[in-house]
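Q: In order, the protein sequences belong to chains R and D. Here the first sequence stands for residues 1 to 434, numbered as in the numbering used here. Here the second sequence stands for residues 1001 to 1299, numbered as in the numbering used here.
Derived by calculation from the structure, the hints in this document are not laboratory data. No experiment lies behind these values; they were computed from the predicted model shown. Cβ atoms here follow ideal geometry from the backbone N, Cα and C, with glycine treated the same way. There could be a bad hint or two in this list.
As the list claims (entries may be wrong) - If you want the footprint, here are the derived chain D segments under chain R, 3+ residues with CB under 8 Å:
(1) 1006-1020
(2) 1043-1052
(3) 1058-1064
(4) 1119-1131
(5) 1147-1156
(6) 1243-1253
(7) 1260-1268
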Amino acid sequence: MPLRQREPLLWLTVVLLAVTGFWWAGRSREPRPAPGRTVISWYVITSPLRDLYTAEVAAFEKLHPGTEVRIFWVPGSEYNVKLKTLAAAHQLPDLFFSGDVWLSYLRPFSRDLTPLVQRDAAEFGLDDYFPAIRRAMQLDGKDYILPEYLNLSLLYYNRRMFAAAGLSEPAADWTWDDLVRAGQALTREGKDGSPPVWGCSRVEGWWGEWLIYVRQAGGKAFSPDGRRCLLDSPAAITGLKFYLEKSSRYHLSAPAGFEPLNGFVNQRVAMIVGGHVNYWLNYNQTPGLDWDVQLLPAGPASRSGGELAIAGYSISRESRHPEEAWALAKFLTRPEAIAAIVARGSLSVRRSVAEAALRQPGPRANPHNLAAAYRQFEFGEPIPHHPNYVEIMFLVVQPEIDRMLLGELSPAEAGRRAAAAANAFLDTFGSAAP
Amino acid sequence: MTNRRAQSLWFWLFAGPAVAGFAAFSLWPMLESLWLSFCQYEVVTPPRFIGVQNYAYLFAHDASFWPSVKVTLVFTVIQLPLAIGAALALALLLNQPVRGRGFWRAVYFLPSILPQAVFAVVFGYIFQADGGLLNRLLALGGLHGAAWTTSPTWALPVLIGISLWGFGYPMVIFLGGLQNVPRELYEAAHIDGAGAWARFRHVTLPLISPVIFFNVVMGVIGALKVFDLAYAFSVAQAQPAPGGPARATLFYGLNLYQQAFGYFHMGLASAMAWLLFACILLITAVNFRVGRRWVHYGD
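Kindly produce the complete structure, drawing on both the sequences and the hints.
A: In structure tokens form, the structure reads like this:
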């Protein structure tokens, strides 16, 4: 056949090949649901609770035979990027992991759960949530999250190191001065090649610790309307100064940049101010680490100021199966489910579960002083609900705090520069607390 | 069918998929990002045209833009000569007629097979302030090591040092260039009384100048686009936000990535991408212009 006659055939072949290739590459890999079953998707951060969640979903499906749950495990470091990308593609899962720290920017694609919460309040036990948790569930008086667990800033300490130094363990009425005294007594210079041991860690690179001191000194990161950064106030500067002087003046923390890696677990650090409840599981799996918690030491203005943050479940605004997703959210946050998580090493968002844990007779896994942890609820504060909070803190504020720790700026200069840069950001973007 | 038509058909048959791929996956996204650079686009809401505000914000208000430009330029200006010099020096050594030359060439090229991210992680542990290998060795000699990776003074120099391990590719290109230098020219220069340095200066360098030029152009582009090394370094140092401490390692590419995928300011990130593109285009054009003076193509 001459080429002229073969030409259309060749073009047809090329087009067919291209279409087949695109179809093959873009075809859905998802298995089809069984007839009559509704499929809902659930995005959850990969965690040591994976076995627990898998069992929970199996139990849920048994209870709701008409619903099939597809779990998508996403590493924590990629979670927010993945979620926003899915939102942009209108492919959000029905149910996703959320938290009050992220809620201000997750809100555009989170469903307002208020009608569902009000409708089923008695069924899932809305009154069972601690008042502080109940407040954190809401933004502008609307519900967006059904909480599962929480983080609360606490004073963590190594009991063995305190005993070895002949010190009594931290008390509930401790102040910054007590923290400094004990920290200094626990600090050991590294000699003959042995590494130094520090009385207290210092969290660098983010606001986890310094914001506690700023608040306890009477300062705030932002004005209540979220339009101004207030880190240049005298109170905030007092907090920043204490954060700096933990190493530069009192020598109870490592100099900037020399914080031991996993210092508390490796017993190179005797105390942590703030910490994270998520680490309890790791602490309890570390041989020889005998740890406990206490209320945060009070600052010059207040004991309040530690972080209280919740994490739980939100339903996508675009979900085609909100009722099924809501049923799963309720199931995952029922008292029995929360109790199972708490038993692994955590605090409870529900009062009934917390009371049961406190009543539990016999020796308890660390922390022994669980009552102090629950008492700290009174003093916990949420981080500011601002859509650009994380960005302002990381990109604009934190570099000035870093420079302060390195001795390039005084606390007053750092506070002033951080506030000026944050306010320039706010003026440009015009964001305010929602 | 005419011969010309047949040629055209065969051309499109083979080049078509590549052209279509380029148009769909490179050209169209580039044009889209150009449009987005004039919009406020936070991914979850539709783009809103705001004119040149993204560019104005970057130049006048963004606290991280100029620091990231500075870090990238400092890196480029210091790293590039070191990288080119090291690659050329090693290529000269590996071009010598020694036993096991092929083996040594393979050994020196090996580090380049590994991604830069691996170096960032491994060297991150070596340079760690508390308990890192280097500081332990220094302590044995009674010296107190610095906070290499966590101090703004040292973090960038350390990253520059780590990046030099990627010398393999320019080294191989230099080797290729060196092997194309005719032996007779060296022999003639030798007979004329030229010493080793004179032969290198007046024979080797001019004849491999196109290769040097190629490595410089590619090196500049690579240095301005550094991302993986800086990102892996931040991860290895467990920095809560990449680019620390105090923005000391906030490379332009890292900053762009953060704006795009950390904070979803796609409009702002698009503006940053186009500024980088324009900058690379300009520097490359200048390189070609200046190159005319010192690059000898033998014609």
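Q: Quick check: which numbered hints come out false for this structure?
A: none
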